[in-house]
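Asks: Sequence lines, in order, name chains A and B.
Going by the numbering used here, the first sequence runs without a break in its numbering and finishes at 377.
Going by the numbering used here, the second sequence runs without a break in its numbering and finishes at 528.
Because the hints were derived from the structure by calculation, they are not lab data.
Don't take each hint at face value.
Below, computed lysine to aspartate or glutamate pairings styled on DMTMM-like, alpha-carbon distance capped at 20 Å [what the hints assert, rightly or not]:
# : chain 1 : residue 1 : chain 2 : residue 2
1 : B       : K100      : B       : D85
2 : B       : K311      : A       : D243
3 : B       : K496      : B       : E278
4 : A       : K367      : B       : D205
5 : A       : K367      : B       : E229
6 : B       : K433      : A       : D233
7 : B       : K366      : A       : D261
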Amino acid sequence: MEKNIITINENLLAFEPGETILSIAQRNKIDIPTLCHLKNTIPTNTCKICLVEIKGKPELVESCKTEACIGMVVFSESPKVVKARKKNIGRMLASGNHNCAIRDFDTDDWTSFQLKVLEDDGKEDLCPVWGDCELQDLAYRYQVKTKGMPLGECQYEKEQANPFIIRDFSRCILCGRCVKACCEIQVNNAIQFGYKDKDLKIIAKDDVTLKDSDCVFCGECLQVCPVGALIPDKAFRDDRFKDTHTVRTTCSFCGVGCQMDLFIQDNQIVKIDGADIDLPPNNASLCVKGRFGFDFVHSKERLTRPLIKKDGKQVEASWDEALELVAQKFTAIKEESRPDALGVLTSARITNEDNYLAQKFTRAVLKTNNIDHCARL
Amino acid sequence: MTNTIADVETSDVILVTGSNTTENHPVLSSFIKRATLKGKKLYLIDPRRVTLADHADKWLRPLPGTDIAWINGLMHVIIKENLHDKNFIETRTENFNALKKTVEKYSPDYVETITGIKKEDLIEVARQFANAPAASILYCMGITQHICGTDNVKSLANLSMLGGHLGKPGGGVNPLRGQNNVQGACDMGGLPNVFTAYQPVNNNDIRSNLEQFWKVKDLSPTPGLVATEMFNKAHDGDLKAMFIIGENPMISDPDLNHAKKALSNLDFLVVQDIFETETTQMADVVLPSFCFAEKNGTFTNSERRVQRVRKAVEAPGEARRDWEIICGIATRMGYEMNYENSHEIFKEITEITPSYKGITWERIDKIGIHWPCPSETHQGTPILHTTQFTRGKGLFHAIEHTPPAEQTDEKYPYILTTGRVLYHYHTGTMTMKTEGLNQLSPECFVEISDKDLEKLGLDDNTMVNVFSRRGKITAKLKVSTKAVEGTVFIPFHFAKAAANKLTNGQLDPTAKIPEFKVCAINIEPASA
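For reference, chain A alone in the conformation it holds in the complex (with noise of 0.2 Å):
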């Protein structure tokens, strides 16, 4: 019996039945570039960069939708595909204002072309994903020019209407990834195509701001955007150049531990994206709290100095002299009442560490079992 084998590149890949070529190449790190599919969701089909060739097929196929067959050999970089995907990456340069200087570039040096970028920004509304843009790589990667070719002009403004998310149209490439992550991947069915062909947008509800909408700005759409039309309301616009790490945790709102990475710039969080795809339990979903309600950690009203209350009022005071006087006090009640006649409330909001040692301290130490936390609340 013949295997579920295919080949991709000269590679020999097991496959599942029904599983497309796509899926192939990912599982197996082969980098077959994509705009607008969206893992676990029904391809869209829309941005037919995925296109591929089949020895002995004429046609190029869309390697998101064909399903592979025993002893397909398939090639992801031939002369011929790369001919196409730059044909197809020049008409989504085009359609819009893609003005991220790729367009006008003549060298291969991404640093020259970097510095060349520097120069020009400020003298224009430079996009703001510059450099964290699907299409701009590709562009680059293939060499796209299109230098001379007028922006695409935009009949849709620009929507700030809401706290969150910005909606920037005239960067919109239509592939869709904002649709399927709302109605496929957080299934909040807020947004979807409207209008036809060159009238073609995403709306929400019958075309109102997100704010009037169903959204819930979980931002899965902001995720997944290749390109700038789905941005941040804050963050990274000013601040592209500078020094930027992410830091992988847990997120500290609900129970289900959702799996962030959070963007570190200066000692500040800018920024919160869900974790991988694969990597329970959120594959990379958040919610609104998770990703937007950062600000509590920068806040200028955090506590940084011990208070003792003096005369009814709370004053500063150093850590020796507070933890002095709780120890004291604690000791002072332990021995004159008993031990149960002190509580303690641990929390499930600190770490397990924190909350072991909040236990351990309460039976080691104060000698009493009068412990709990807020489960009950």
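Add chain B to chain A, keeping to what the hints say.
Replies: Structure of chain B alone, referenced to chain A:
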């Protein structure tokens, strides 16, 4: 949760009750909603028509506080129609006959008179639940925050066992944890009756082991007070001092006027937090601590997965790590507590916590592990009770319906139920620092049905006074399709109109959880 979050998406029938999942566990709700896209059945049984109803095959509406009745009703139908899983009941459970006898009288007609759920709907859900290859039950505080909360949970466990839906993928009884580390706080022994991993404090062997391990004598064998009891004892003067870490009971406790008196009555109150709160304001000493983004450590999520928390930024001012502060107090009280870092503490935890024994920070660096994980070669336990229950056989509890502690009457004709909204978290200490969240959810409201609005003769957005036997608040009416005639909902986040001034502090006798989800109130225009 007996099962994992990802598992929910593979269930054939999902029964959600007492959970406003899309607002309180939004990411988990996506797993439920995606299951429905694949044609899986979803039934929502909840007093409010919350957003999940839009995705459900059917929404069943019980009167608040009548959960045991409808669960018994489902079991009545399942047994009567001979749809129960005889093999599972025979091999894995005991006391089935007692259950059978008790649910005998909970006919669909009888259940309809108690709960208001139409008998046809009850029968449909019973059949679908019993016939499903795998059916999952998800619940939250709408089930537990009642004077019969423990019995409600036991009833759901009965139902799951009856259908043979425990111990397999896509099944299970799955409580959704409301706070990031409730599971971990419980696992770590942040409870008055158990040490880590639920080892009872009144077990002599366990205590004497710990005395050796911690190098102390005379650990108390007597289970301590739960939070709600601490407040009562403080109120009566038996409790003299409290140390409250990262909590704001002055918003989250029931019957806040009572709670305030209790805290005022203490000789000494220490509060450790990241912000000034209604609770720190009452403290004799306030200790500033780190928030999650400044710490290294672990949280344990709702599905028992132990996951890493990593330091991303420096903490402000002189704030200290929670564990460091505790060490400072302990050492000053003559018990040396000294750790290099939180990793060292975790290693100590694994030495005396059987369910965490095989977990190391190295192992969970990329992906968390579900406890129990008894050894370093063990892969963790995504699904509990696959071959037997903790006690061996699963015990059916025969339980009768208990009405809520407080009933409506002429003076207080409406039922109040409380909860959270999407844009805020608990007492708002953190979320209310984000301007955008405040814009999207600026203030308290009284969610009411259009019928009740009409009955009151008031317009939407009218400021009203809401009274219960315990207190009064003022907030805006907000008409909503989520509300059903006779029941209103108020979120408890907002200090200015704290819903918990109204709620009833009556406790479940076992879990000592207050009945937040049902109390009787009245509504009057604020100008009157």
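Asks: Each of the hints needs a verdict: does it hold here or not?
Replies: Results for each hint:
1. Distance hint between K100 (chain B) and D85 (chain B) is fulfilled; the C-alpha atoms sit about 13 Å from each other, no more than 20 Å.
2. Proposed proximity of K311 (chain B) and D243 (chain A) is supported: the alpha carbons are some 18 Å apart, at most 20 Å.
3. Between K496 (chain B) and E278 (chain B), the direct Cα distance comes to roughly 11 Å. Compliance with the 20 Å bound is thereby established for this hinted pair.
4. Restraint check for K367 (chain A) and D205 (chain B): satisfied, since their Cα atoms lie roughly 18 Å apart, inside the 20 Å limit.
5. A hinted pair counts as satisfied when its Cα atoms are at most 20 Å apart, and K367 (chain A) with E229 (chain B) qualifies at roughly 18 Å.
6. Of the supplied pair hints, the one linking K433 (chain B) and D233 (chain A) holds, its CA atoms being roughly 16 Å apart against a limit of 20 Å.
7. The hinted pair formed by K366 (chain B) and D261 (chain A) meets the criterion: a straight-line CA distance of about 13 Å does not exceed 20 Å.
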